[in-house]
Amino acid sequence: MAPDGSAFLVNILFEYDAGIVGASSEIIHRLDLVRAKFQERYPELQFQYTGAIANAEAFLNATIQDAFTLLPIAYLVMVVSLLFFLRSFVATAVTLTIVSASIIFAFGTWCWWNKSLNSIVLAAPTVIMVIAVSDSIHVLITFLQKFRSGTSKKE
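Per the working numbering, the sequence shown starts with residue 1, numbered consecutively.
Hints may be right or wrong, so weigh each one.
As a list, the in silico DMTMM-like pairs of lysine to aspartate or glutamate whose alpha-carbon atoms are at most 20 Å apart [claimed, not checked]:
{"id": "1", "residue 1": "Lys115", "residue 2": "Glu57"}
{"id": "2", "residue 1": "Lys37", "residue 2": "Glu26"}
{"id": "3", "residue 1": "Lys115", "residue 2": "Glu26"}
{"id": "4", "residue 1": "Lys146", "residue 2": "Asp135"}
{"id": "5", "residue 1": "Lys115", "residue 2": "Asp17"}
To be clear, the hints were calculated from the coordinates, so they are not data collected in a lab.
Since this is a predicted model, take the numbers as computed values, not measurements.
With these hints in hand, go ahead and build the complete structure from the sequences.
Okay, here's the thing in structure tokens:
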């Protein structure tokens with residue numbers, strides 16, 4: 001307790017298996033229920049919690065929110081950029097298919113292995129998008145330059 005009585009700390013140590021999917025979310029959910037009861041009973045007080053579990057949950061929620069807002073924006077920027085630079089709907093569609101299939105395959109494999117999602121894993125679509133677009137651009141630019149210069153598709 002603070003000397004002037006303005007703050008009070010309760011330390012709780014949680015031991016849980018981090019490999020269990022949703023364990024930290026369940027702890028945070030139960031803490032929210034307890035905090036709501038105390039907040040109702042003592043509305044003049046402010047209740048907060050922090051620590052590794054709260055931080056992990058906050059990062060996970062922020063990453064999920066980013067995935068629902070930033071990933072669609074990144075897809076839109078990617079499609080517009082590809083259409084502008086490649087000047088080909090087919091090349092853009094091929095690149096978009098490669099990116100989407102790579103992300104679906106990576107997450108499908110991760111879930112098939114029954115691994116939990118965390119903020120690092122949820123950053124994978126951005127990384128996969130960058131790598132897949134880079135590789136696709138190099139291959140497609142070379143192909144389109146040769147094709148537009150008169151080289152046949154078989155060569």
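Check your understanding: For which of the previously enumerated hints does the structure constitute a violation, in increasing order of number?
Key -> none
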